[in-house]
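Put together the whole structure using the sequences plus the hints.
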Amino acid sequence: MADILNIISLWILPVILITVLTTALIKKVPVYEQFTKGAKDGFKISVKIIPYLVAIIVGISMFRASGAIDILAKLFAPLLIKFHISPDILPLMIVRSLSGSGALGIFSDIANNSGADAYTTKLAAVMLGSSETTFYVLAVYFGAVGISKIRYALIIGLLADFIGIAAAVLVCSLMFA
Amino acid sequence: MNYIFYFLIISSIIIGACNGKLQDVINAVMTGAELSVKIAFSLIGIMAFWLGIMQIAQKAGVIKYISKLLRPITRVLFNEIPPDSPAIGDIAMNFTANAFGLANAATPFGIRAMEELQKENKDKSSASNSMCLFLGMNTAGFQLVPTTVIAILAGIGYKNPTEIIAPTLLVTAIAFCSAIIMAKIAQYIVNKKGENNG
Numbered sequence: 660m661a662d663i664l665n666i667i668s669l670w671i672l673p674v675i676l677i678t679v680l681t682t683a684l685i686k687k688v689p690v691y692e693q694f695t696k697g698a699k700d701g702f703k704i705s706v707k708i709i710p711y712l713v714a715i716i717v718g719i720s721m722f723r724a725s726g727a728i729d730i731l732a733k734l735f736a737p738l739l740i741k742f743h744i745s746p747d748i749l750p751l752m753i754v755r756s757l758s759g760s761g762a763l764g765i766f767s768d769i770a771n772n773s774g775a776d777a778y779t780t781k782l783a784a785v786m787l788g789s790s791e792t793t794f795y796v797l798a799v800y801f802g803a804v805g806i807s808k809i810r811y812a813l814i815i816g817l818l819a820d821f822i823g824i825a826a827a828v829l830v831c832s833l834m835f836a
Numbered sequence: 400m401n402y403i404f405y406f407l408i409i410s411s412i413i414i415g416a417c418n419g420k421l422q423d424v425i426n427a428v429m430t431g432a433e434l435s436v437k438i439a440f441s442l443i444g445i446m447a448f449w450l451g452i453m454q455i456a457q458k459a460g461v462i463k464y465i466s467k468l469l470r471p472i473t474r475v476l477f478n479e480i481p482p483d484s485p486a487i488g489d490i491a492m493n494f495t496a497n498a499f500g501l502a503n504a505a506t507p508f509g510i511r512a513m514e515e516l517q518k519e520n521k522d523k524s525s526a527s528n529s530m531c532l533f534l535g536m537n538t539a540g541f542q543l544v545p546t547t548v549i550a551i552l553a554g555i556g557y558k559n560p561t562e563i564i565a566p567t568l569l570v571t572a573i574a575f576c577s578a579i580i581m582a583k584i585a586q587y588i589v590n591k592k593g594e595n596n597g
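So the protein lines, in turn, are chains A and B. For the first sequence, our numbering assigns the number 660 to the initial residue and increments by one for each residue that follows. For the second sequence, our numbering assigns the number 400 to the initial residue and increments by one for each residue that follows.
What the hints contain is simulated information worked out from the structure, not anything from laboratory work. Where a beta carbon is used, it is the ideal one built from N, C-alpha and C, also for glycine. Among the hints, a few may not be true.
Per label pair, the in silico range of CB-to-CB distance [said to hold, decoys possible]:
#1 A:Ile663 to B:Asn401: 46 to 54 angstroms
#2 B:Met429 to A:Thr678: 43 to 51 angstroms
#3 A:Lys707 to B:Phe406: 37 to 45 angstroms
#4 A:Lys687 to B:Thr430: 46 to 54 angstroms
#5 B:Arg474 to A:Ile730: 42 to 50 angstroms
#6 A:Asn772 to B:Asn559: 36 to 44 angstroms
#7 A:Ser807 to B:Glu433: 34 to 42 angstroms
#8 B:Lys521 to A:Pro710: 22 to 30 angstroms
#9 B:Cys576 to A:Lys686: 31 to 39 angstroms
#10 B:Glu433 to A:Phe821: 28 to 36 angstroms
#11 A:Ile677 to B:Cys417: 56 to 64 angstroms
#12 B:Lys521 to A:Ile730: 39 to 47 angstroms
#13 A:Tyr778 to B:Gly554: 15 to 23 angstroms
So, in structure tokens, the structure goes:
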């Protein structure tokens with residue numbers, strides 16, 4: 660199963676390229692001209708998202724540097740122990756919505772401290788693998804079209820993250836414990 | 400967003416001061432700002448490439464074809480945009496790339512989708528219901544194989560790293576579906592409110 664998925668992952672982009680270019684050839688689309696026309700926006704969009712990225716990433720970097728996450732982790736630790744989960748995993752639960760590289764770093768720490776085959780490592784792996792950095796996606800996607808009033812988008816993103824955490828705990832306790 | 404920004408900065412300074420980490424907080428401004436620009440610039444090349452390919456795909460009618468294929472699903476999910484909107488094709492490409500863990504390709508597709516959704520949006524500074532739904536679906540991080548995590552696990556000597564694929568897939572599917580359901584509920588509530596006020 661995993662092998663098949665890996666092969667598909669490897670081939671998906673080549674297949675897209677072949678399909679698009681071959682269809683274009685049949686329909687006599689001037690591919691080079693159209694490519695450069697579309698590619699021009701690459702720079703424009705990347706520059707356009709910078710202000711949004713700076714606002715979000717600086718804010719989150721400051722928040723992480725202040726030690727606020729450790730305080731939050733301590734606050735919620737009793738709750739986790741109630742569910743028989745190691746409190747080591749708490750920083751990951753919080754950071755995975757905030758920073759992708761931060762979450763990877765914390766995950767590596769957990770894996771190294773708990774041991775490769777520990778339950779905590781498995782739970783952390785599932786939690787990290789099933790998440791996307793909500794704040795980053797928000798900054799990039801809304802920044803690219805200049806949206807500043809995000810309405811209920813963040814609430815849904817964070818609620819989905821929370822449901823993901825709860826689901827990870829439940830699924831792992833059924834499968835690995 | 401205003402409150403979040405305010406909260407992040409002010410609380411960081413206060414908590415940092417209490418923890419004696421004020422210097423770290425100040426340094427974080429510098430490193431965070433630098434990181435943002437680094438991320439944006441590292442996107443330029445790959446963004447240009449996929450936007451170029453997508454431009455060809457659009458001219459060749461590939462996007463329109465994908466949109467048509469997915470119409471039964473998207474008509475229900477994205478019911479506030481025209482069913483033949485090019486956004487649908489871009490959304491489909493974005494999810495395909497995400498599902499297979501191709502984050503670099505997924506971002507340009509997602510941004511194109513947002514641009515198309517923005518064309519249908521009445522208030523250009525405020526996110527439309529369709530945009531919130533699309534964002535919610537994206538933040539749930541639907542992915543078939545968590546390649547990075549498996550690589551790390553294998554690196555630290557985990558015996559059978561692929562055993563996390565099934566639980567991860569199940570969890571990510573739950574988060575993904577709940578994001579869609581919550582977005583649709585929010586849309587319903589917001590529209591209902593709008594009717595009452597109007």
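Here's how the hints hold up against the structure:
1. A:Ile663 to B:Asn401: 46 to 54 angstroms: Holds, since isoleucine 663 of chain A and asparagine 401 of chain B (Cβ atoms, about 47 angstroms apart) stay within the stated range.
2. B:Met429 to A:Thr678: 43 to 51 angstroms: 45 angstroms, holds
3. A:Lys707 to B:Phe406: 37 to 45 angstroms: Since the Cβ atoms of lysine 707 of chain A and phenylalanine 406 of chain B sit about 25 angstroms apart, the hinted range of 37 to 45 angstroms is violated.
4. A:Lys687 to B:Thr430: 46 to 54 angstroms: 51 angstroms, holds
5. B:Arg474 to A:Ile730: 42 to 50 angstroms: For arginine 474 of chain B and isoleucine 730 of chain A the Cβ distance comes to about 47 angstroms; the hint holds.
6. A:Asn772 to B:Asn559: 36 to 44 angstroms: 20 angstroms, violated
7. A:Ser807 to B:Glu433: 34 to 42 angstroms: 23 angstroms, violated
8. B:Lys521 to A:Pro710: 22 to 30 angstroms: For lysine 521 of chain B and proline 710 of chain A the Cβ distance comes to about 24 angstroms; the hint holds.
9. B:Cys576 to A:Lys686: 31 to 39 angstroms: This hint holds: roughly 37 angstroms between Cβ atoms.
10. B:Glu433 to A:Phe821: 28 to 36 angstroms: Holds: the Cβ-Cβ distance is about 31 angstroms, inside 28 to 36 angstroms.
11. A:Ile677 to B:Cys417: 56 to 64 angstroms: 58 angstroms, holds
12. B:Lys521 to A:Ile730: 39 to 47 angstroms: Holds - the Cβ-Cβ distance for lysine 521 of chain B and isoleucine 730 of chain A, about 42 angstroms, lies within 39 to 47 angstroms.
13. A:Tyr778 to B:Gly554: 15 to 23 angstroms: 19 angstroms, holds
Going down the numbered hints, you'll see the structure goes against 3, 6 and 7, while the others check out.
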